[in-house]
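As you go down the protein sequences, you meet chains C and X in turn.
At position 87 of the first sequence (counting the first as 1) the number is 156 in the numbering used here, and the numbers step up by one without a gap.
At position 16 of the second sequence (counting the first as 1) the number is 442 in the numbering used here, and the numbers step up by one without a gap.
Since the hints were derived computationally from the structure, they do not count as laboratory data.
There's no promise every hint is true.
To spell it out: a stretch of chain X is covered by chain C in this simulated footprint if at least three of its residues, at any positions, have a beta carbon under 8 Å from a beta carbon of chain C; those stretches are [stated by the list, open to error]:
#1 485-498
#2 567-573
#3 605-615
Label pairs and their in silico Cβ distance ranges [stated by the list, open to error]:
#4 C/Thr143 <-> X/Val434: 38 to 46 Å
#5 C/Phe137 <-> X/Glu526: 16 to 24 Å
#6 C/Thr335 <-> X/Leu497: 31 to 39 Å
Which stretches of chain C does chain X cover? Using the computed rule of at least three CB atoms under 8 Å from a CB of chain X, they are [stated by the list, open to error]:
#7 108-114
#8 338-346
No experiment lies behind these values; they were computed from the predicted model shown.
Don't be surprised by glycine CBs; every beta carbon is placed ideally from N, CA and C.
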Amino acid sequence: MASSAAVPTDVKRPSLLRLIRENKVAQGLTLIGPANVYLVLFMVVPLILVGILSFLSRGEYGQVLFQFNLSNYTRLLDPIYGRILLYSLGVGVATTVLSLLIGYPLAYYIARAPARQRSLLLFLVLVPFWTNFIIRIYAWIMILRAGGFLDTVVQWLHISDQPLHLLYTPTAVMIGMVYEFLPFMILPLFTSLEKIENAVLEAAADLGAPPYRVFLRVTLPLSIPGMIAGTILVFIPAMGMFVIPDLMGGAKTILIGNVIRNQFLTARDWPFGAAASMILMVLTMVFTFYYARRAGLSEELVV
Amino acid sequence: MSEKKPPVWLRIYTFLVYLYIYIPIIILVIFSFNNQKLNITWKGFTTQWYAVLFHDRLVQLATRNTLIIALVSTAIATIIGTLAALAMQRYRFPGYDASEALMYIPIVIPEVVMGISLLVFFVLLNMKLGLVTITLSHIAFNIPFVALVVRARLHGYDNSIDEAAMDLGANEMTTFWRVTLPTIMPGILAGAMLALTLSLDDYVITYFTAGPGSTTLPLRVFSMVRFMVTPEVNALSTIWVLIVFVILLIGQLARNRRA
Numbered sequence: 070m071a072s073s074a075a076v077p078t079d080v081k082r083p084s085l086l087r088l089i090r091e092n093k094v095a096q097g098l099t100l101i102g103p104a105n106v107y108l109v110l111f112m113v114v115p116l117i118l119v120g121i122l123s124f125l126s127r128g129e130y131g132q133v134l135f136q137f138n139l140s141n142y143t144r145l146l147d148p149i150y151g152r153i154l155l156y157s158l159g160v161g162v163a164t165t166v167l168s169l170l171i172g173y174p175l176a177y178y179i180a181r182a183p184a185r186q187r188s189l190l191l192f193l194v195l196v197p198f199w200t201n202f203i204i205r206i207y208a209w210i211m212i213l214r215a216g217g218f219l220d221t222v223v224q225w226l227h228i229s230d231q232p233l234h235l236l237y238t239p240t241a242v243m244i245g246m247v248y249e250f251l252p253f254m255i256l257p258l259f260t261s262l263e264k265i266e267n268a269v270l271e272a273a274a275d276l277g278a279p280p281y282r283v284f285l286r287v288t289l290p291l292s293i294p295g296m297i298a299g300t301i302l303v304f305i306p307a308m309g310m311f312v313i314p315d316l317m318g319g320a321k322t323i324l325i326g327n328v329i330r331n332q333f334l335t336a337r338d339w340p341f342g343a344a345a346s347m348i349l350m351v352l353t354m355v356f357t358f359y360y361a362r363r364a365g366l367s368e369e370l371v372v
Numbered sequence: 427m428s429e430k431k432p433p434v435w436l437r438i439y440t441f442l443v444y445l446y447i448y449i450p451i452i453i454l455v456i457f458s459f460n461n462q463k464l465n466i467t468w469k470g471f472t473t474q475w476y477a478v479l480f481h482d483r484l485v486q487l488a489t490r491n492t493l494i495i496a497l498v499s500t501a502i503a504t505i506i507g508t509l510a511a512l513a514m515q516r517y518r519f520p521g522y523d524a525s526e527a528l529m530y531i532p533i534v535i536p537e538v539v540m541g542i543s544l545l546v547f548f549v550l551l552n553m554k555l556g557l558v559t560i561t562l563s564h565i566a567f568n569i570p571f572v573a574l575v576v577r578a579r580l581h582g583y584d585n586s587i588d589e590a591a592m593d594l595g596a597n598e599m600t601t602f603w604r605v606t607l608p609t610i611m612p613g614i615l616a617g618a619m620l621a622l623t624l625s626l627d628d629y630v631i632t633y634f635t636a637g638p639g640s641t642t643l644p645l646r647v648f649s650m651v652r653f654m655v656t657p658e659v660n661a662l663s664t665i666w667v668l669i670v671f672v673i674l675l676i677g678q679l680a681r682n683r684r685a
């Protein structure tokens with residue numbers, strides 16, 4: 070287009086529409102354009118703003134002052150926040166490991182079921198989780214609270230006459246977290262396990278491997294991509310969770326997600342909340358990149 | 427994998443896990459008919475809580491808000507997400523990897539961080555928090571999920587049917603509308619279904635981007651659970667579970683018939 074003067078007038082003008090119609094690259098860019106613009110505007114820009122905010126400071130009345138400093142990050146070094154961060158990491162890891170231990174045998178069973186039953190079994194895993202998240206938590210509150218379903222069962226079986234007082238404890242939070250995230254572990258595990266060819270397992274057995282060895286040396290290694298995808302899908306939301314500790318954990322169980330929420334909505338110290346968010350984000354991103362490099366993440370995320 | 431019968435312990439174990447998944451839902455439904463306001467022990471059968479629910483103005487308002495947000499955000503996210511899936515699956519362009527990385531943001535960043543960042547963004551723009559800000563946010567987290575699902579369906583797409591259409595004289599637009607789009611429609615519908623569910627279910631991002639008068643059902647249920655637990659919450663939950671179950675069942679039956 071630089072030498073437009075040299076172009077004879079009878080040649081068709083290179084209009085934008087023609088460029089798109091004839092150029093594959095332009096077509097691709099046109100199709101991806103809306104998504105890129107939208108996601109940059111409503112995800113990347115807000116995240117950058119939070120990054121900037123984390124270096125500013127809070128005014129007397131909760132307003133944001135444009136004074137550049139690191140004090141929000143140094144405040145996070147306080148042992149109180151260190152302990153909360155470690156505790157959140159612990160809850161995240163425990164949730165992930167428990168979901169994996171509970172979910173793996175189930176995913177294995179579904180993957181080995183006759184093809185006709187497979188979709189029904191998977192469907193049954195998913196149904197409760199397509200209902201509302203808060204409703205599922207509420208169901209567990211009904212079970213765990215004093216005099217609730219669990220206490221009734223325990224009394225009926227003569228295990229104990231005393232209420233167990235499970236609600237508003239860290240145990241209740243773990244029960245809620247594992248219930249909430251279990252399907253995110255089962256789905257990718259199932260996808261991985263279902264892909265394993267029967268012939269591979271038969272070959273191992275024909276060569277004399279007993280069933281436990283076939284499992285340990287063939288099935289388990291081949292399901293690693295599913296385990297990695299499941300771990301990412303469970304660990305990241307578990308790390309940022311604040312609703313389950315809020316409703317089931319009482320005042321004692323505070324995760325990093327609760328700290329962030331409180332700084333933004335009750336304490337109104339946005340810069341400090343932003344710094345806590347940056348730390349959480351860096352943690353989850355480091356974790357994901359380390360993990361995702363080790364497996365084809367995208368393949369396992371979609372069933 | 428093989429169809430050899432699984433060992434007995436695995437079958438018992440599977441049964442127990444399904445029990446664990448379903449017991450909470452079953453209890454929730456049973457106690458929606460409980461004739462005790464505190465709803466701790468069973469005091470007899472009643473349907474009064476359904477009557478209470480249907481006359482609850484706040485629930486009605488929340489239902490209206492939830493449906494508006496879900497339908498608008500699903501429609502827009504489905505269009506943008508489908509276009510993006512077509513781009514990622516069929517074209518190579520500069521910035522391809524960066525575009526792909528953008529799609530993973532809602533998966534690798536905890537919801538609470540996305541929620542507060544959108545709050546900061548809207549406050550800075552001086553936008554009034556409410557239905558508009560919630561809908562804009564829902565579109566953002568839904569685009570990547572729609573794109574992911576549609577892309578998975580495009581993966582096995584046979585390009586030769588497009589070429590056949592063009593050999594027969596159809597131009598690119600006609601080919602797209604008459605051949606490509608109908609073929610990938612099941613994938614687009616699956617993506618839209620996922621977007622709709624995510625939007626209906628979302629608590630965290632809605633919580634940070636909502637303002638006065640824009641309470642959605644998840645927000646309403648949260649405050650009901652927090653401040654006044656009566657069987658009305660169970661009645662609401664039961665209806666919700668029932669609707670979801672019927673929709674999923676229809677979807678499943680339709681898929682089975684096709685297969």
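Hints, verified against the model:
Coverage of the segment 485-498 of chain X by chain C is violated. Counting CB-CB distances below 8 Å, 0 residues qualify, and the rule asks for three or more. With 3 residues having a beta carbon nearer than 8 Å to a beta carbon of chain C, the segment 567-573 of chain X meets the requirement of three or more and the stated coverage holds. Note: the segment 605-615 of chain X has 0 residues with beta-carbon separation from chain C under 8 Å; the three-residue rule is not met and the coverage is violated. Look at C/Thr143 against X/Val434: about 59 Å separates their beta carbons, and that is not inside 38 to 46 Å.
Look at C/Phe137 against X/Glu526: about 34 Å separates their beta carbons, and that is not inside 16 to 24 Å. Between C/Thr335 and X/Leu497 the beta carbon distance is about 33 Å. The supplied range of 31 to 39 Å therefore holds. Three residues within the 8 Å Cβ limit are the bar, and the segment 108-114 of chain C against chain X gives 6, so the coverage statement holds. Counting residues of the segment 338-346 of chain C whose beta carbon lies closer than 8 Å to any beta carbon of chain X gives 4, which reaches the threshold of three, so the coverage claim holds.
Hint compliance for this structure: hints 1, 3, 4, 5 are not met, and every other hint is.
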